[in-house]
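Novice: Sequence:
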Amino acid sequence: MAAAGRQGVTGGSFKGFGQKAIPFLKALDFHQSREWFQENRALYDSELHEPFCDLVETLTERFAAAGLGLRGDRKKSLFRINRDVRFAKDKRPYNQHLSAMLSPDGTKMEQGVFFVYVGVDRCFADVAWWNPEPPLLLAMRKAIIARPAEFRKLLSTLKKNGFELETEGRLKRMPRGFEQVNEPDLVDAIRNRHFYVQHMIDPAGIHAPALVDELVDFTMRAKPLLDWGRAIQGTAPRS
Numbered sequence: 001m002a003a004a005g006r007q008g009v010t011g012g013s014f015k016g017f018g019q020k021a022i023p024f025l026k027a028l029d030f031h032q033s034r035e036w037f038q039e040n041r042a043l044y045d046s047e048l049h050e051p052f053c054d055l056v057e058t059l060t061e062r063f064a065a066a067g068l069g070l071r072g073d074r075k076k077s078l079f080r081i082n083r084d085v086r087f088a089k090d091k092r093p094y095n096q097h098l099s100a101m102l103s104p105d106g107t108k109m110e111q112g113v114f115f116v117y118v119g120v121d122r123c124f125a126d127v128a129w130w131n132p133e134p135p136l137l138l139a140m141r142k143a144i145i146a147r148p149a150e151f152r153k154l155l156s157t158l159k160k161n162g163f164e165l166e167t168e169g170r171l172k173r174m175p176r177g178f179e180q181v182n183e184p185d186l187v188d189a190i191r192n193r194h195f196y197v198q199h200m201i202d203p204a205g206i207h208a209p210a211l212v213d214e215l216v217d218f219t220m221r222a223k224p225l226l227d228w229g230r231a232i233q234g235t236a237p238r239s
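Number 232 in UniProt numbering belongs to position 232 of the sequence shown; there are no gaps in the numbering.
Think of the hints as simulated: they come from the structure by calculation, not from any bench.
Values in this document were obtained by computation on a predicted structure and should not be read as measured data.
Wrong hints could be hidden among the right ones.
Cross-link-like lysine to any residue pairs, in silico, SDA-like; alpha carbons within 25 Å at most [stated by the list, open to error]:
#	residue 1	residue 2
1	Lys15	Ala64
2	Lys172	Glu183
3	Lys91	Leu43
4	Lys26	Gly205
5	Lys142	Asn182
6	Lys75	Arg86
7	Lys75	Gly106
8	Lys15	Phe79
9	Lys15	Leu43
10	Lys26	Ile201
11	Lys108	Asn82
12	Lys142	Pro224
13	Lys159	Pro148
14	Lys159	Asp185
15	Lys26	Gln38
16	Lys223	Ala210
17	Lys223	Trp130
18	Lys20	Leu43
19	Lys153	Pro224
20	Lys142	Leu186
21	Lys172	Ala146
22	Lys108	Ala139
23	Lys172	Leu154
24	Lys153	Glu183
25	Lys26	Gly119
26	Lys160	Ala66
27	Lys15	Arg122
28	Lys75	Trp36
29	Lys89	Phe79
30	Lys75	Phe115
31	Lys20	Asp45
32	Lys159	Glu214
33	Lys142	Trp130
34	Lys75	Arg41
Pairwise CB distance ranges, derived in the manner of DEER restraints [stated by the list, open to error]:
#	residue 1	residue 2	range
35	Arg86	Phe30	21 to 31 Å
36	Gln180	Arg86	37 to 47 Å
37	Phe124	Arg86	20 to 30 Å
38	Lys160	Lys89	37 to 47 Å
39	Gly205	Arg152	26 to 36 Å
40	Gly169	Pro148	19 to 29 Å
All C-beta atoms, glycine included, are put in the ideal place defined by N, C-alpha and C.
Please construct the entire structure, taking both the sequences and the accompanying hints into account.
Specialist: Put into structure tokens, the structure is as follows:
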């Protein structure tokens, strides 16, 4: 979709990312300068940022209608394209991607979230319990041991829906207090630091409104993972 067709857009239903969204990110990564970004800010807004805001608001409406308990808005949900380079060796000022999070309260501080990422390297969505605070992570691990049949049913349901729990960040050794666990599937689960499933998005599909249906379908199929974590979260002590 041409950038000119998006000028002045301030909100509305998602119509697709602009055709220049990914090329813009590639060019930004090549230039990596504030001057270039400011010169091309209108292109960023029309092709990438405003469509992303529309996607968040459209998903919020659809998620509410589906009873998923996830929401966001165009001001709070998007992550900054600027990188925090204060303590990083890599001092490039801009990311190669733009991303957003929808959560139970609409902030980025909650757990049990939907995350969507559009980047030069890939496009994907997650439903995730990502890096839970220690009390919640401990409660999840205890629930796996206390109710293994329930957890295995979750894994079976996710598998039927096309998912397996991702293993990024999995510990090499069992955490303290769980050394007695010896069933391989439970051992793998206890070693997880995150509990999430992922859906890869065809980059060619980000330019059409049908992306919304695709992401709603993904989140509905991943809902058992949200339900499992939410049931445990209700019993997890506050840190």
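Novice: Hints broken by the structure, by number, lowest first?
Specialist: Of the numbered hints given earlier, the structure breaks none, since each of them holds.
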